Amino acid sequence: MFKQTAAITAMNIRSIPQRLGMSLAAIVSIAFVVGVLLAFMAMANGFCATVSGTGAEDVAVMLRAGSQAELNSNMSRDEVLLVERGPGIAAGGNGAPVTSAELYVIVDGKKRGSGTDANLPLRGVGPEGPQMRAGFTMTEGRMFEPGAAELIVGEGVIREFSGFELGEEIRLGTNTWRVVGVFSTGGTVFDSEIWSEIGVLQNLYSRGSSVQSMRAQMTSPEAIEELQAYVENEPRLNLDVQSEKEFLASQAGGTVTLIKFLGWPLAVAMAIGALAGAWNTMYSSVDARTKEIATLRAIGFSGFAAFLGTMIESLALAILGGILGAVAAYLLFDGISASTLGGGFTQVVFSFAVTPASLIAAMILAIIVGFLAGFFPAMRAARVPLLAVHQD
Amino acid sequence: MNGATLVRKNLFRKKLRAILLLFSILIAFLIFAVLGAFNKTLNAGVETAAADRLVTVNKINFTVSMPYAYWGRVASVEGVKNVSQANWFGGYYQEPRNFVQTFAVDPETYMRAYPELEFTQGSAEAFFNNRQCLAVGADLALQYEWNVGERVPLNSNIWQQQDGTSDWDFDICAIFDAEDDNVPANYALFHYEYFNESLAFNRDQVGWLIINTEDPSMNDAVSQRIDAMFANSPAETETTTEAAFSKAFIEQLGNIGLIITLVTGAAFATILMIVGTTMVMAINERTREIAVMKTIGFPAPRIFRMVLSESLLLSLIGGLLGIGLAASLIWLMSQSPAVSGSLPGLSVGWRVTFIGIGFMIALGLITGLIPAWNAMRANIAEAFGKV
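Taken in order, these protein sequences are the chains called A and B. Under this note's numbering, the residue at position 164 of the first sequence is numbered 164, and the numbers go up by one with no gaps. Under this note's numbering, the residue at position 278 of the second sequence is numbered 278, and the numbers go up by one with no gaps.
What the hints contain is simulated information worked out from the structure, not anything from laboratory work. A quick note: this is a predicted structure, and the numbers were derived from the prediction, not measured. There's no promise every hint is true.
[Unchecked claim] Derived DSS-like pairs (lysine-lysine); straight-line CA-CA distance at most 27 Å:
#1 B:Lys40 to A:Lys110
#2 B:Lys40 to A:Lys111
#3 B:Lys14 to A:Lys291
With the hints as extra help, turn the sequences into a complete structure.
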């Protein structure tokens, strides 16, 4: 049995060059399906990893209740002071709670790709702001001086937008700002931001002492619940409290779902098209060899061996196509930088990520196409009448 | 038996093969037309922009407001016919996920700025005279099943009233729409005065200005005059055409045009290979027949035309079925209020259809050329020798 199948498979595969064009068409069409699927998945995964993959579980984010995004939120100085008195907040070296009240406004940057204006977040941070982001490092230049109209810019901004290079002077309102440093947080969403000292920014935007959001370093992830309870029971506070991880995940959700909702139907539609092509290839493969198959059957090969031979040929073409598509998608898309409008109504710079899970999903899709494309032609091969020996 | 019958019979001589080929062509054109429809809707703001309309925003970014006084100052600029102002309300209905695109505007100048909008229920007077009126776009009214005479509260995720609440009560007193389906009507408008007087913060500010110039040829001059007027002030401005403003906004989402080009490119490359190789094989199988036809006097150019017609017919049938299926799917989707609310005017449209037909002809010619050439050049003696 095994020998028979192996013999027929070998014969089938050796005869592929006779149908080189059609076999290549089947391989390439499956490669395209896998490529398109992986490109969309890489986009979704890259965006998701950037926005939701990096939020800390032990940092609480506070926004005005119902505001949903930092841009929409506002908090008074009194509210900030009240929160600082809350439970579960870690104490710094001087015994004061580690919190960062922040301002979040939008400024224009020019997208390098299109030259059009795009929304970039300008965040005013307090002295504790940087250390509350894991992995914060200055990669070029220096930190802004307190009280000076100076900016530091995330790596992602530098990569995708022009106008914020080191040393550049930028006019916002009546002030001229200077870019004095470039920072990195290791590919998180903060790399798409521009930072300044909060006091200077409050002044420029005439915000007085009000802020938009507040972050607090908690003693543990569980301590957030204590703070939530405290805020809930304090009538002077009307805030939503959640962990930074939850907050960023809620910001990423819509975009990721949208990309996946586009990617899967497209890939499935293309897979159906490719299936028709592969089917065609396999039928002609069987038709072209009707006489050989009948001969083999006449000398005692089983119909099942003929079935398997065709099936394996089909699967081999599909797997070859799948690998080709996966390798091409990996080489073309993995790591490329892009940006889109994120949940905060500002640009989020992210890198496409071709993940092992998406590679497996894509290969499964290729194998399904190969299996379906092989099944009916293989049935035909198994049922070739012995009299077909006389066919010319 | 005339030429057309021969082409038809040849095309379907192997039924399964023809159907599979048609199917793969159908899928490619389905993808093309569906993506084309989405692209068209996304770019509707660019396509339907009036040539004489400009938008002035704060130079820092369009989310940053400007002093109320700018509205009056711009009205006096030479070449300006009408100026209106609008503000982003960030509205939602009952739940934050029921997002309602709402603008606080100056009603009379706003309706003058957008003459394509017409009231289908209620009237302009009702909107202008009722301070609490909410004028609702037809697509939005459909989405939430709102009717004239209803009273609805809308919450803002940005603004607060002095009493700390963030919901405003409205009377739905008018419903507007545009004759052109591509003009979106998925948003609502209300009185700036009603909004501004109760604001807890950021009062007497305007979000952006909408300007109609006396003539599109004056656009550049008017833009420069406006921006020069506010240069070196705390709120500098940036004035662009409505089309450029919409385009920049779409570009913020990413290079959608490139993504669509790549996906449809992949789909077309796939069918090009599948159909191309199959046609070559199908004609090869028929070499002996072609030799017979030549022997009985069919001229070579006629054989060339026949093979080419066959591939063209294949491509046109598959392609038109694909675009037809896409049009039906898109139509079904656009019947859902949720879709028409977020993507108003979603349809395949003539432009996409005509480009599609162009691609069908190109596909038919490319896939048919080599086999047609082979058939025309087939040598009778050699062809008969072939088994």
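Here is how each hint holds up against the structure:
1. B:Lys40 to A:Lys110: 24 Å, holds
2. B:Lys40 to A:Lys111: The hint holds at about 22 Å.
3. B:Lys14 to A:Lys291: Cα-Cα ~19 Å, so holds.
Hint compliance for this structure: no hint is broken.
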